[in-house]
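**Student:** Residue 35 in this note's numbering is what sits at position 33 of the sequence shown, and the numbering runs on without skipping anything.
Keep in mind the hints are simulated off the structure, nothing from the lab.
None of the values given here were measured: they were computed from a predicted structure.
Treat each hint with caution, since some may be false.
As the list claims (entries may be wrong) - As a list, the in silico DSS-like pairs of lysine-lysine whose alpha-carbon atoms are at most 25 Å apart:
#1 K43 <-> K65
#2 K75 <-> K65
#3 K103 <-> K82
#4 K65 <-> K82
Unchecked claim - Distance windows between CB atoms, simulated:
#5 E69 <-> I30: 45 to 53 Å
#6 M96 <-> N46: 35 to 43 Å
#7 A51 <-> V78: 20 to 28 Å
#8 Q32 <-> Y83: 22 to 30 Å
#9 K82 <-> A102: 28 to 36 Å
#10 A49 <-> A25: 31 to 39 Å
#11 M96 <-> K65: 22 to 30 Å
#12 H53 <-> Y83: 24 to 32 Å
#13 C73 <-> A28: 32 to 40 Å
#14 T6 <-> Y71: 28 to 36 Å
#15 V66 <-> E89: 23 to 31 Å
#16 S68 <-> M26: 28 to 36 Å
Every residue, glycine too, gets a C-beta built ideally from N, C-alpha and C.
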Amino acid sequence: EWNTARAAANAALSGVAEGDYSAMAAAINQAHIRVDLAFAKLQNTEALAAHIQGQLGLELPWKVGSEDYNCYKEEVTLGKYREALGELERLVVMRLFELAKLGMLGTGYRLHQQISKGLQ
Numbered sequence: 003e004w005n006t007a008r009a010a011a012n013a014a015l016s017g018v019a020e021g022d023y024s025a026m027a028a029a030i031n032q033a034h035i036r037v038d039l040a041f042a043k044l045q046n047t048e049a050l051a052a053h054i055q056g057q058l059g060l061e062l063p064w065k066v067g068s069e070d071y072n073c074y075k076e077e078v079t080l081g082k083y084r085e086a087l088g089e090l091e092r093l094v095v096m097r098l099f100e101l102a103k104l105g106m107l108g109t110g111y112r113l114h115q116q117i118s119k120g121l122q
């Protein structure tokens with residue numbers, strides 16, 4: 003409903019002849035009515051959802067900055083950190099295995115870079 007009203011508002015003047023001000027006003031008025039109706043339906047739906055939420059005894063949704071929100075956000079951040087750390091560990095182990103396979107495990111970083119450039 004909202005997308006239809008928005009599309010009607012955006013296309014309100016596309017079918018109106020240039021210079022026909024009364025048709026332009028009517029098209030804009032019609033689009034305004036559709037947008038207002040869609041917004042009223044949205045408000046009614048939100049009110050109904052809040053009423054049902056209260057009757058069922060459901061918790062209120064988290065608000066940004068609330069204690070639950072901050073706790074969950076911290077857990078997600080730590081999870082992403084651990085995931086990145088695991089990926090880094092995987093890459094390091096993979097590189098160590100490559101070096102061990104080539105017999106270059108004790109080779110310094112600069113020498114390793116020179117050998118890599120020489121092999122390319």
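**Student:** Please go over all the hints and tell whether each is borne out by the structure.
**Tutor:** Hint check results:
no.	hint	verdict
1	K43 <-> K65	24 Å, holds
2	K75 <-> K65	12 Å, holds
3	K103 <-> K82	32 Å, violated
4	K65 <-> K82	22 Å, holds
5	E69 <-> I30: 45 to 53 Å	47 Å, holds
6	M96 <-> N46: 35 to 43 Å	58 Å, violated
7	A51 <-> V78: 20 to 28 Å	26 Å, holds
8	Q32 <-> Y83: 22 to 30 Å	53 Å, violated
9	K82 <-> A102: 28 to 36 Å	31 Å, holds
10	A49 <-> A25: 31 to 39 Å	36 Å, holds
11	M96 <-> K65: 22 to 30 Å	43 Å, violated
12	H53 <-> Y83: 24 to 32 Å	41 Å, violated
13	C73 <-> A28: 32 to 40 Å	54 Å, violated
14	T6 <-> Y71: 28 to 36 Å	34 Å, holds
15	V66 <-> E89: 23 to 31 Å	29 Å, holds
16	S68 <-> M26: 28 to 36 Å	47 Å, violated
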